[in-house]
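> For this one, chain A is given, so just place chain D on it according to the hints.
Residues per chain are reported as follows:
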Amino acid sequence: MSDTSLASASASGGPHGLGATDRRDSWWLGPMLVFLGLVAFGVYSTWAAWTGTDYLLQSHGAYYLSPFYSPDVKDLFGIAPPFSFAFLILWIPLGFRATCYYYRKSYYRAFFLDPVACAVGEPKGRTYRGETAFPFILQNMHRYFFYLATIVLLFLWFDALRAFFFTGPGGHLQFGMGVGSIIMLLNVIALSAFSMGCNSFRHLIGGKMDCFSCSGAARTRYKLWKGVSVFNLRHQEWAWISLFSVGLTDLYIRLCCMGIIHDVRIF
Amino acid sequence: MSKREFKVWRGDAAGGKFVSYPVDVEEGMVVLDAIHQIQRQQAPDLACRWNCKAAKCGSCSAEVNGKPRLMCKTRLDSLPDGEPVTVHPMRSFPIMRDLVTDVAWNYTVNRKIPPFTPKKDTQWLMQQEDVDRVQEFRKCIECFLCQNVCHVVREHDKKDHFAGPRFFVRIASLEMHPLDSLDRIPLLKKEAGLGLCNITKCCTEVCPEEIHITDNAIIPMKERVVDRYYDPVQIVIRKLTGKDKKD
Chain A
1 MSDTSLASAS ASGGPHGLGA TDRRDSWWLG PMLVFLGLVA FGVYSTWAAW
51 TGTDYLLQSH GAYYLSPFYS PDVKDLFGIA PPFSFAFLIL WIPLGFRATC
101 YYYRKSYYRA FFLDPVACAV GEPKGRTYRG ETAFPFILQN MHRYFFYLAT
151 IVLLFLWFDA LRAFFFTGPG GHLQFGMGVG SIIMLLNVIA LSAFSMGCNS
201 FRHLIGGKMD CFSCSGAART RYKLWKGVSV FNLRHQEWAW ISLFSVGLTD
251 LYIRLCCMGI IHDVRIF
Chain D
1 MSKREFKVWR GDAAGGKFVS YPVDVEEGMV VLDAIHQIQR QQAPDLACRW
51 NCKAAKCGSC SAEVNGKPRL MCKTRLDSLP DGEPVTVHPM RSFPIMRDLV
101 TDVAWNYTVN RKIPPFTPKK DTQWLMQQED VDRVQEFRKC IECFLCQNVC
151 HVVREHDKKD HFAGPRFFVR IASLEMHPLD SLDRIPLLKK EAGLGLCNIT
201 KCCTEVCPEE IHITDNAIIP MKERVVDRYY DPVQIVIRKL TGKDKKD
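In the order they appear, the protein sequences are chains A and D. The first sequence begins at 1 in my numbering and counts up one residue at a time. The second sequence begins at 1 in my numbering and counts up one residue at a time.
Keep in mind that the hints were calculated from the coordinates and are not lab data. Ideal Cβ placement from N, Cα and C applies to all residues, glycine included. Among the hints, a few may not be true.
As the list claims (entries may be wrong) - Which residues of chain A face chain D? A few of them, derived with a C-beta cut under 10 Å, are:
#: 1; residue: Arg24
#: 2; residue: Arg109
#: 3; residue: Arg126
#: 4; residue: Pro135
#: 5; residue: Gln139
To be verified - Think about it this way: if two alpha-carbon atoms lie no more than 25 Å apart in a straight line, the pair counts; the simulated SDA-like pairs of lysine to any residue are:
#: 6; chain 1: D; residue 1: Lys119; chain 2: A; residue 2: Ser213
#: 7; chain 1: D; residue 1: Lys56; chain 2: D; residue 2: Arg40
#: 8; chain 1: D; residue 1: Lys73; chain 2: A; residue 2: Thr220
#: 9; chain 1: D; residue 1: Lys243; chain 2: A; residue 2: Thr220
#: 10; chain 1: D; residue 1: Lys190; chain 2: D; residue 2: Tyr229
#: 11; chain 1: A; residue 1: Lys124; chain 2: A; residue 2: Phe112
#: 12; chain 1: A; residue 1: Lys208; chain 2: D; residue 2: Pro232
#: 13; chain 1: D; residue 1: Lys119; chain 2: D; residue 2: Leu179
#: 14; chain 1: A; residue 1: Lys226; chain 2: D; residue 2: Arg40
#: 15; chain 1: A; residue 1: Lys105; chain 2: A; residue 2: Phe244
#: 16; chain 1: D; residue 1: Lys159; chain 2: D; residue 2: Glu205
#: 17; chain 1: D; residue 1: Lys239; chain 2: A; residue 2: Thr132
#: 18; chain 1: D; residue 1: Lys189; chain 2: D; residue 2: Met126
#: 19; chain 1: A; residue 1: Lys226; chain 2: A; residue 2: Glu237
#: 20; chain 1: A; residue 1: Lys208; chain 2: D; residue 2: Phe116
#: 21; chain 1: D; residue 1: Lys73; chain 2: A; residue 2: Asp25
#: 22; chain 1: D; residue 1: Lys119; chain 2: D; residue 2: Trp105
#: 23; chain 1: A; residue 1: Lys208; chain 2: D; residue 2: Asp227
#: 24; chain 1: D; residue 1: Lys158; chain 2: D; residue 2: Pro115
#: 25; chain 1: A; residue 1: Lys124; chain 2: D; residue 2: Trp105
#: 26; chain 1: D; residue 1: Lys190; chain 2: A; residue 2: Thr99
#: 27; chain 1: D; residue 1: Lys139; chain 2: D; residue 2: Glu209
#: 28; chain 1: A; residue 1: Lys124; chain 2: D; residue 2: Arg40
#: 29; chain 1: A; residue 1: Lys208; chain 2: D; residue 2: Lys112
#: 30; chain 1: A; residue 1: Lys208; chain 2: D; residue 2: Gly193
#: 31; chain 1: A; residue 1: Lys208; chain 2: A; residue 2: Lys226
#: 32; chain 1: A; residue 1: Lys208; chain 2: D; residue 2: Leu182
So that you can see chain A by itself, here it is in the shape it has in the complex (with noise of 0.2 Å):
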């Protein structure tokens, strides 16, 4: 027995500085991850809806919408903002990722250290009130972003039926398949399960009656309760894969258009 160096003073509630943690593991490893997905979708997704340009593939009779730009609001509604109208929208989306209950917990992990990672220490003389006051209290408002984004979830699925249409030498429109179309099926189906998972959904769908079995009504909720939950459980891997398939779908589209790549008809 002897004694050791390390001492440690603070054994009770409190702060203790930031990082101050008598952890091995590599925990700074996921938050870094998660800040540098988070930065580089931020840089890239504003800089696509900035151009303004390049969203819309419709050469050799497709018709690829990016994600970033649907519903074509110019095109539908004749609205043409001074800026890019790719802004228009994707208030929506960001919302709804924005108060969503997994992207909460990773931007407060990775961007505003509270905590950084699980018994790992803070930076001290912060005033904290968690999800009580304004601005996070804005949190609460996150059913009404997952109305507003099913909303552009329809749209989506419209491009994505819409990109398996190719326009003929006639001018009628004939089923056909590119390595588009798939990429903007896998994209939207990849939306949809995120948007299933979706805490707020699980809540209204079924989550917020005490009794399952007391009417015919509740069974039925009930069993759309739990296939939501069903997506609730990997609510984080869709909202990455979602995140990333939006962003992939975007730059694919945007790539075909500047002629850097061609799309391959399938059939």
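This is chain D only, laid out in the frame that chain A set:
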């Protein structure tokens, strides 16, 4: 048989330090075995709370290599070789002595929660689908690792305004109970301080019973608070229909 170095925190409320002990390691040993060996052979005055040694009593909570864990459920072969194993008492509660902390605050919080109160003329019959959801919460062994790791308690020391994850689980088990008649949503928002939780899921990560504390208890309770206090449409509907109680 090999030897490993253990650095065990020794001290009391006035302060303390890590003390090194060599431990003979056998296959299958857990950290609590090592602590018992230290007590038996080197430091009979080492204070440690334990009981079942089967991860069911929730007594031997501590921080092993900085991670909140049950000592009886932490196998030595799960810890990195070639470096000392540190054992520290839970950091969120006052130290009594060595590895023993004073967790009385938790019981004080618990007493503030109105217990199960059945509806009048209750038919004592429940369907399995109604039982399943609240049964998960019954697995809690009250080890208080979730309370210990929660940064609202640990870093921000909000014990006077915050119930903590263990008690959000308990309130959820009562609120979701189909035969219960009480409304604890105001308690959740006000006295229990649910809004202070920023759902960073550390409680779920450390739960030895693998209860989905955040997804199945805290978030559903947050959503019920939203129904009651923040969702303008629901507030208007409730005002119009005069329905202001649980579903």
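> Against this structure, judge whether each hint is valid.
Consistency of the hints with the structure:
1. Interface hint at arginine 24 of chain A: satisfied, since its Cβ lies 5 Å from the closest Cβ of chain D, which is below the 10 Å cut-off.
2. Interface hint at arginine 109 of chain A: satisfied, since its Cβ lies 6 Å from the closest Cβ of chain D, which is below the 10 Å cut-off.
3. Given the 10 Å rule on beta carbons, the hint for arginine 126 of chain A holds: about 8 Å separates it from the nearest Cβ of chain D.
4. The interface hint given for proline 135 of chain A is broken, as the beta carbon of that residue sits about 12 Å from the closest beta carbon of chain D, more than 10 Å.
5. The criterion of a C-beta within 10 Å of any C-beta in chain D is met by glutamine 139 of chain A, whose closest approach is roughly 9 Å, and the hint holds.
6. Among the hinted pairs, lysine 119 of chain D with serine 213 of chain A is consistent with the structure: their alpha-carbon atoms are about 16 Å apart, no more than 25 Å.
7. The straight-line distance between the Cα atoms of lysine 56 of chain D and arginine 40 of chain D is roughly 24 Å, inside the 25 Å bound, and the hint therefore holds.
8. Distance hint between lysine 73 of chain D and threonine 220 of chain A is unfulfilled; the C-alpha atoms sit about 40 Å from each other, more than 25 Å.
9. As the CA atoms of lysine 243 of chain D and threonine 220 of chain A are separated by approximately 23 Å, the hinted pair is consistent with the 25 Å bound.
10. Distance hint between lysine 190 of chain D and tyrosine 229 of chain D is fulfilled; the C-alpha atoms sit about 11 Å from each other, no more than 25 Å.
11. This hinted pair checks out: lysine 124 of chain A and phenylalanine 112 of chain A have alpha carbons roughly 13 Å apart, not beyond 25 Å.
12. A hinted pair counts as satisfied when its Cα atoms are at most 25 Å apart, and lysine 208 of chain A with proline 232 of chain D qualifies at roughly 17 Å.
13. Proximity of lysine 119 of chain D to leucine 179 of chain D is assessed by CA-CA distance (about 6 Å); at most 25 Å being required, the pair is judged to hold.
14. Pair hint lysine 226 of chain A plus arginine 40 of chain D does not hold up; C-alpha atoms about 51 Å apart against a cutoff of 25 Å.
15. Taking the CA atoms of lysine 105 of chain A and phenylalanine 244 of chain A, the gap is near 18 Å; set against the 25 Å cutoff, the hint holds.
16. Distance check on the hinted pair: lysine 159 of chain D and glutamate 205 of chain D sit about 21 Å apart at the alpha-carbon level, within 25 Å; holds.
17. Only pairs whose Cα atoms come within 25 Å are accepted, and lysine 239 of chain D paired with threonine 132 of chain A is accepted, the gap being roughly 24 Å.
18. Restraint check for lysine 189 of chain D and methionine 126 of chain D: the C-alpha separation of about 29 Å exceeds 25 Å, so the hint is violated.
19. Proximity of lysine 226 of chain A to glutamate 237 of chain A is assessed by CA-CA distance (about 18 Å); at most 25 Å being required, the pair is judged to hold.
20. Distance hint between lysine 208 of chain A and phenylalanine 116 of chain D is fulfilled; the C-alpha atoms sit about 18 Å from each other, no more than 25 Å.
21. Between the alpha carbons of lysine 73 of chain D and aspartate 25 of chain A the distance comes to roughly 18 Å, so the proposed pair stays at or under 25 Å and holds.
22. Distance check on the hinted pair: lysine 119 of chain D and tryptophan 105 of chain D sit about 30 Å apart at the alpha-carbon level, beyond 25 Å; violated.
23. With a CA separation close to 9 Å, the supplied pair lysine 208 of chain A and aspartate 227 of chain D stays within the 25 Å bound.
24. Restraint check for lysine 158 of chain D and proline 115 of chain D: the C-alpha separation of about 24 Å stays at or below 25 Å, so the hint holds.
25. A distance of roughly 24 Å separates the Cα atoms of lysine 124 of chain A and tryptophan 105 of chain D; the hinted pair therefore holds under the 25 Å criterion.
26. Proximity of lysine 190 of chain D to threonine 99 of chain A is assessed by CA-CA distance (about 22 Å); at most 25 Å being required, the pair is judged to hold.
27. As the CA atoms of lysine 139 of chain D and glutamate 209 of chain D are separated by approximately 6 Å, the hinted pair is consistent with the 25 Å bound.
28. Between the alpha carbons of lysine 124 of chain A and arginine 40 of chain D the distance comes to roughly 41 Å, so the proposed pair goes past 25 Å and is violated.
29. Distance check on the hinted pair: lysine 208 of chain A and lysine 112 of chain D sit about 24 Å apart at the alpha-carbon level, within 25 Å; holds.
30. Distance hint between lysine 208 of chain A and glycine 193 of chain D is fulfilled; the C-alpha atoms sit about 20 Å from each other, no more than 25 Å.
31. Pair hint lysine 208 of chain A plus lysine 226 of chain A holds up; C-alpha atoms about 13 Å apart against a cutoff of 25 Å.
32. For the suggested pair lysine 208 of chain A and leucine 182 of chain D, the alpha carbons sit about 15 Å apart, so the restraint of at most 25 Å is met.
Violated hints for the displayed structure, listed by number in ascending order: 4, 8, 14, 18, 22 and 28.
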